[in-house]
Amino acid sequence: MSEFSRETLVLNMGPHHPSTHGVLRLVLELEGEIILRTDPIIGYLHTGFEKEMETRTYHQNIVFPPRIEYLATMIEEHAYVLAVEKLLGVRAPERAETLRIILSELSRIASHLVWLGTSAIDVNVTSMLMYCFNDRERIMDIFEMVSGQRMMHGYMRVGGLQWDVPEGFVLRVRSFADDLPGRLDEYERLLTDNLIWRERTEGIAVLSSGDALRYGCTGPIARGSGVNYDVRKAFPYGGYEAYDFDVPLGARGDSFSRYTVRMEEMRQSRRIILQALDRLRDGPVMLDDRKVALPPRPELVRSMEAVIHQFKLVSEGFHPPVGEVYSAVESPRGEKGYYLVSDGGNRPVRARVRSPSFNNLQALPVMIFRNTVSDVVVAIASIDIVLGDVDR
Amino acid sequence: MALKPSLPAGIQVSRAAGPSAVTELDARAVEGGILTTTVSRVVSWARKNSVWPVQFGLACCAIEMISAAQSRFDIARFGSELFRASPRQSDLMIVSGRVSQKMAPVLKHIYEQMLEPKWVIAMGDCASCGGVFNNYALVQGVDKLVPVDVYVAGCPPRPEALLFGFIKLQELIARGRPLRSPS
Amino acid sequence: MIAAAAEALVRDLAGLAEGEDRFRDEVTLLIPRDRLLDALARARDAGFAALTDLTAVDRLPQEPRFEVVYLLTNYAAQARLRLKVRLDADGAVAPSAASVHPGANWLEREVFDMFGIRFSGHPGLTRILMPDDWEGHPLRKDFPLVEEPVDFVGHTPKVPSAIIPTTPRTPPTPPR
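Protein chains in written order, with this note's numbering: chain A, 1 to 392; chain B, 1001 to 1183; chain C, 2001 to 2176.
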């Protein structure tokens, strides 16, 4: 009897695949169903953001950040405008900072809801996608009310916000925040004690805390492994130092730990939103510095100087000082940073996006080593990557 | 001229035992159950009401496409009950998102695997014309790769806009676009 | 306010560095190429164990042309430090940091893909974002954006990046 040769099977997964959460290609080397080697191939969504950002002024560049990480759009805009403000050495007024925090945390909840819905549907809990997107629609309505756009807002500007929030914003946000714990309790009742969910996520795709540190992983994937690092606590930005919230940590570094970390993060985001709503005071939402921020519209009718400033800012843009800055925020995926290099001109010399999903995805081969093929889907879902962020 | 007696409510069934026992009501009941049309119209009607897209979400527009398939906007009421994973089992490719140079051959491959009749909706600005990005990395419009039936503008288009494009596609199918030759 | 841990590391690496720069609350050390791995290892042992980012800047027409930038973070002490290596256009080879930080693997592949800077000792230096047969390195300053002009009859509109012209650094206005 001839023996079957013990060769490994090379399996290609993607880039067109229902469960890779985007255009990700994985080449898996299998022995039977056990994965020995993984080679993620990315670049299928490379858009040339960094090159584009070098060819536009700092103000024009606000268009690009929400298209990079399209699930947490407000947070991405926040990251960019904070970096430019750091370069300029200015700080937005207090009302703008508070509103930015509210919108960022709503964006975080929206992103985690998408993660929850798509992860659950990967494990075939098909109704979860419907529930989560329904809740997310309420957040989309709030964003639309504030900026006119559901996704690519362009609402956060250098020096503050585009305009003030309309009446009814506080009521809408409060009503959403009041309903959120009930919804999250329902999702946890459905999933946390569900035998199928636990069987499919416990012990799957384990990432040790040492590996998380070595591969530069940040965000829930690192906190699920016990690495206590949240940019909002470590390098507070935009007013976060005044808020009281906890950073959940996971114990075992498996998919279930990451799930619990993200569920708790949604609750903590709600806590921040409620504190921010209480702190909200009247005031300007845009800097007074005419060299940086556009003058308010009514002033254009009255003042010639305002018209000149407007003209200069729109047709040429402002000139930051020579230097380079790195400014990071905590995105739902990890540390999202912008490294801007300025030579004093009206465009950045280099606009580098430090993408959390890019670094997190590097740890995938380590995570799914010796797991089965059916666990790859759960593993990718638990990393929560956004391919726009990975490929830029 | 005598007024026709009005039909009682409900489905009318002719209970005539033979041609000699046919009454006015029987004749109208039979007429009410017969439809005359052409085969192509019936086939187009069936096709347009059960267009199943292939899951081809690339970037940000994919999120709005998923929203269009969820309970608030609900593309299933227009017949797209399911987004198929396999291109061989689907009729429509909604190119939702930007197509990079590396993804272009994959898109072409998926399109070729779909069976006729197939349609393409270019959803969003990036798929229609390159959108915000005019650079080395992106294909400026997916119509450089595959023939497009409906362009839906927006960055990203609202789910209602996608549904409007979808309805336009249904009207296109109803009008009976001649099948393209495989080329 | 530069964190105490970062100041301590700056003093520690002072022998290796050939330049220092401070801007806002950040400190950058310029390290010669042959001392880079030593500096990274010492930084890691001092607690700066996270390689947050590894990227490059093309400073054409300034010489040396390329700068490879390493951003290190100390999670416990909440401090950051930036290290830079300057490379000439020909001979743009840097030692690979993958031996010190495994997470540098993909980051260096991206720098190679976008800038053409090679890393000696890298486990597998291939393109990562562009197709494998792509020619050229997109983020170099002499690589054009490749903008497709819009077809109009009788009029050639500007390409988007030329609508607002580049204005170089303006000298500071003298006080009145």
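Calculated from the structure, these hints are not laboratory results. The reader is advised that the hints may include incorrect statements.
[Claimed, not checked] In silico DSS-like pairs for lysine-lysine, Cα to Cα no more than 25 Å straight-line:
1) Lys312(A) - Lys2084(C)
2) Lys2141(C) - Lys2158(C)
3) Lys1144(B) - Lys1108(B)
4) Lys1144(B) - Lys2158(C)
5) Lys291(A) - Lys312(A)
To see whether the hints hold, each was checked on the structure:
Only pairs whose Cα atoms come within 25 Å are accepted, and Lys312(A) paired with Lys2084(C) is rejected, the gap being roughly 35 Å. Distance hint between Lys2141(C) and Lys2158(C) is fulfilled; the C-alpha atoms sit about 20 Å from each other, no more than 25 Å. Between Lys1144(B) and Lys1108(B) the alpha-carbon distance is near 10 Å, which keeps this suggested pair within the 25 Å criterion. Distance restraint check for Lys1144(B) and Lys2158(C): the Cα-Cα separation of roughly 22 Å lies within the 25 Å cut-off, and the hinted pair is therefore satisfied.
Of the supplied pair hints, the one linking Lys291(A) and Lys312(A) holds, its CA atoms being roughly 9 Å apart against a limit of 25 Å.
In summary, the one numbered hint that this structure violates is 1.
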